[in-house]
Amino acid sequence: MARTKERSIDPAAQKMLKRANEEDIMTTWDRYEAMQPQCGFGELGICCRICNMGPCRIDPFGEGPQTGVCGASADTIVARNLARMIAAGAAAHSDHGRDVAHALLMAAQGKAKAYQIKDEEKLKVLAIEYGIKLEGRKKEEIAEELAEKVLSEFGQQHGELRMALRAPKKRVELWRKLGILPRGVDREIVEIMHRTHMGVGNDYRNILMHGLRTALSDGWGGSMIATELSDVLFGSPRPIRGTSNLGVLREDEVNVVVHGHEPTLSDVVVAASQDPELLELARKNGAKGINLAGICCTSNEILMRHGIPVAGNFLQQELALITGAVEVMMVDVQCLMPALADTAGCFHTKLITTSPKCKFPQVTHIQFEEDKAYQIAKEILKLAVENFPNRKKNKVQIPREEENLVAGFTAESVFNFLGGRFRATYRPLNDAIITGRLRGAAGVVGCNNPNICHDYGHIEMTKELIKNDVLVVATGCSAIASAKAGLLQPEAALKYAGKGLQEICETVGIPPVLHVGSCVDNSRILVTLTNVVNEGGLGEDISDLPAAGAAPEWMSEKAISIGFYFVASGVFTIFGTPQPVLGSKNVTRFMCEELEDIVGGKYAFEPDPIKAAHLMIDHINKKRQALKLKPVMYEEVAKKEGELVKA
Amino acid sequence: MHYVIIGNCAAGINAVEAIRDIDKKSEITVISEENYPGYCRCLISEYLAGEREENQLLYREEDFYEKNNVSLSLGEKVVQVEPKSKRIVTKSGKKISYDRLLIATGARPKGLGIPGEDKEGVFGFRTLDDAKKIKELAENRGKVLVFGGGLIGLKASYALKKRGLDVEVIVKSPRILSQVTDERAAQMMGSWLIENGIDIRTGSAPIDILGDKRAKGARLDNGEKVTGDIVIIGKGVVCNKELAEDSGIRIHWGIIANDYLETNLSDIYAAGDVAETKDIILGEKTTNALWTAATEQGKVAGENMTGRKRIYPGSLAANSIEFFDLPLISVGHVRVRDNGYEEFFRLNEQDCIYKKLVIKENRLVGVVLLNAIENAGVYTALIRRGVDISKVKDILLENYFDYALVKDLLEKKEGFRESISITGDVVKTA
Amino acid sequence: MKRIFIDIDKCLGCRSCELACAVEYSVSKDLLKAIQEDPLPKPRTDVQQDAKRGSFPLQCRHCEEPYCIDACISGAIGKDPETGLVVSNEEKCVGCWMCVMVCPWGVIRPAQVSIGDKKKKVALSCDLCRDRETPACVEACPTGCLYFQEVEEFKKTKA
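Chains as they are written, first to last, in the numbering used here: chain A, 1 to 647; chain B, 1 to 430; chain C, 1 to 159.
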């Protein structure tokens, strides 16, 4: 019953949905259906609740009010609402970055023993970037100064965010000219809240250009800081094997699911899960061991660095609990559904919150402090171990789906690979694109959403792209979707990739889809694109590259911030369902047409993932033409297959 | 034209209205065995509970008969129909001629056929007079014994429980409501009644009513004795078809009526609890002693009696009850008999919510809704229409199910009754 | 008789009509107070969405020969012979839910209302705001897609 096949293409998810239906456990999909029809004013972005003269609605059919009570047009209302979404998304990412920087500081000062400086090389590279003296100094000293300098960028009032200066010269100059090079992380976000207050600006372009600046303070600021400092603190990822989907849960072990975003928690839990004391306790309680698995971005973090199994992506958070096999789900921040408390309550599962910023009423809160990190992690794991005997064996239903994957690609590591055994270089990648063996590259990223069949958007789009010799890099829940579909295995190239991409994958031994990490790790893609530009032969700016990005199943405000920083960096970016902007023709046109002339990047909205893939391919082809590159090597083959699909 | 209608309840009164809609001039005579103007029989339980006064039981306004130019004859029981001379004969010997006759005599409670049944304090629960007698006795409080777990017995039990009496329901079947709904719903409702203080004993039947002149209790078939000051027998009804015996009118369980509610003899019609008509789903002949079936049959028979042809689509078993704030609706065939039927259900024991669908050959034939009755009528419409529901089977039980999701199936040109849809189209939904 | 009709392409599913209906039938007739009443007022109209994602509010269609009237055991529901309006007398209604059981549109809602200082179970359905000139929902619709017209008039409006 209840259309499980229409709700998800993932057989493991389908099984749990069937169970939820039979046992009358509400899921996101049920709540989504009950919410229909959803308010069209909201969908179109033309409902304004910013002041007490409202709430106001613009009539999209032209008969009722065409301005709010204050006189704000649909353009203004849409732009203000959108800017606030950018602010929220950027704030989430940036706060994550702040937390990592803070952990680095504490580690450097010896105040948090659970954290060590794992990647000294990267530390040095960053130190040089920040003008920090290296000679004769211990790594802790360097790290302390780096952490302080980075932390101060959050509160910086003027100047330029350091990491934004990494972008290609032409790009940095363009940002300066447009006045959108971010001055400080928090400042841009605060200014959005000011600018969108009642009675401040009502020029949608002006509002949105600041929105671009704020997004840049996320992508080349908060997120990038999170990524880089996480690499320093937890180690830079290297290609690593792992497994994904609900089948990673174990019948005979204590299952602990980590969900949320910050590796400051999950990375320590990885270490604690191997503590011999805990393992002994597990055995005493009848379990063979402790099985750690993850959901969402925090899962990607510990997958990339430690190969910890991924239980599922965003829409599977309740489903993991519905297996009846989870002793503890511990969460920190972001993408955590309030419904988890109810779902956990249907089983023996203990839900535990750890961040002071994120509490659930009547849910156990064990606050995570950096200075007691390992201890607290152990405390939580102990709860899990002691909960194992409460698991009702006859209520356990773990779907068998468990798919192998390779992850751990970064701006540095993948091209250590591609450069061959002798040196790290992007040359082979650039050459592949120049000679047409690769058509180009695409990022497929982002969340899940019940408004599109779960994982369908990611998988169809990714398959269509790689079929057409586009190398795909994936992050976040999209990467997890590809993992579960087997696309993160080198063998997938033989099955799904076009001939050119196949050849590359075979030669180098990589999958056709490269998992580059969590959502803050979208910043790795920015660095990669920069490196490709700098390597030469493919133009002078990111906007020259035969590349595109997409979030086919987007859900969160973070996704909007990411979309904007990619567009602001010169990348053509497609979202599946539209952002809430269609209520303003002008804003829509600004985002989907005008921005290309301003920043070299723009948006498109296309809910059909295959059509969207072809919009990306067309764009990539256009860029190839502009660069006067050779035609794609295996065009005829791709075209033939492409035609089959389009028919 | 003289229309004579035997029976003054749901069928009879609706027949009067249907005739008067078309024929304002001809004579209409209504004859009733009871001594009251048409009253809502179903409300005698509200009367018994003290929630309705006698003057609040009228089915139509007080001036109904006057306004409709009907001669009303109360307190007269018709004992014989003489089709050859087109006359009916009453118990008191009166003879009334008719041009068209409608037999809408209803049904009466079945007796148990056990000794002591005729003692004082033993009642059926069908008429206002029954309710009055029980009410009087109930003033003295005491214990109530109810034999039978059907709607009649339970409604009487509920009413008396609300008055503060102790009530024990004794049922031969393994559960109450065995003819009304399915096992699970019956069991859940049974538990709810028990939780609210009505005792229920299953698997037992009385063999003897004890007491001297007044009933004091009963002996059960397992040998046990139970006490009771008021005994109510709710063991079903039997059609009041005696007046048609030896008249040539074909009778079976009831008076057999065709698609136009005509009996086999011309100018004689039957409607209401006394009529044996066809079931809308299976087409088999059946009696469906339900208020809503009686009103519809009265209307259809009345119209046919004026010479205008109107088909009776058939009756549908449909019951709605609520005890202690727990509503239960049961429509169509809900107890699955043999192969060929599919059943789907959702059960939430914690919130006491149960929904079940019975489907045959991709058509909905039955629905049970316990504690989640909104949109019940949409299911009834699907059953009535017999439409193919295979495309929507998987969402019928979702809690977001509503009319819109089956709009395309129901808004058609063919159907029984006309409405105007929200988009201005004339449609026949059910 | 005038009825409520909709231009289905313009319904944005905002549910302002439901809110306005509930407020209209509240005791206080004021939204901020209405949401604190016990029992809470219930709208007689319900915004639904069909399989093609067209949304519309659905309420009593005042059928030609209503099933609800046949099923009503207390004679509470009647159809005005002149206007055609199908209305239930809340005092007579016993809350048996037979009408809920037979209404093919599913537009009759079992509910509790305040009558005087008592709470009573009644079956609720839209009576086209017979005490107002225009139904509250039609007035409240922000896209003006709801109409209160005779069906012939509406057909012309739509065309």
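Treat the hints as calculated values from the structure; they're not laboratory data.
These numbers were taken from a predicted model, which means no experiment stands behind them.
Fair warning: there could be bad hints in the mix.
[Said to hold, decoys possible] As a list, the in silico DSBU-like pairs of lysine-lysine whose alpha-carbon atoms are at most 35 Å apart: (1) C:Lys118 - B:Lys393; (2) B:Lys161 - C:Lys10; (3) A:Lys395 - B:Lys391; (4) C:Lys10 - B:Lys25; (5) A:Lys495 - A:Lys170; (6) A:Lys393 - B:Lys213; (7) B:Lys428 - C:Lys33; (8) A:Lys122 - A:Lys170; (9) B:Lys67 - C:Lys121; (10) A:Lys18 - B:Lys393; (11) B:Lys412 - C:Lys119; (12) B:Lys309 - C:Lys42; (13) A:Lys392 - A:Lys372; (14) C:Lys121 - B:Lys161; (15) B:Lys393 - B:Lys94.
TODO: Could you check the structure against the hints above and give me the numbers of any it violates, in ascending order?
DONE: 1, 2, 4, 5, 6, 7, 11, 12 and 15
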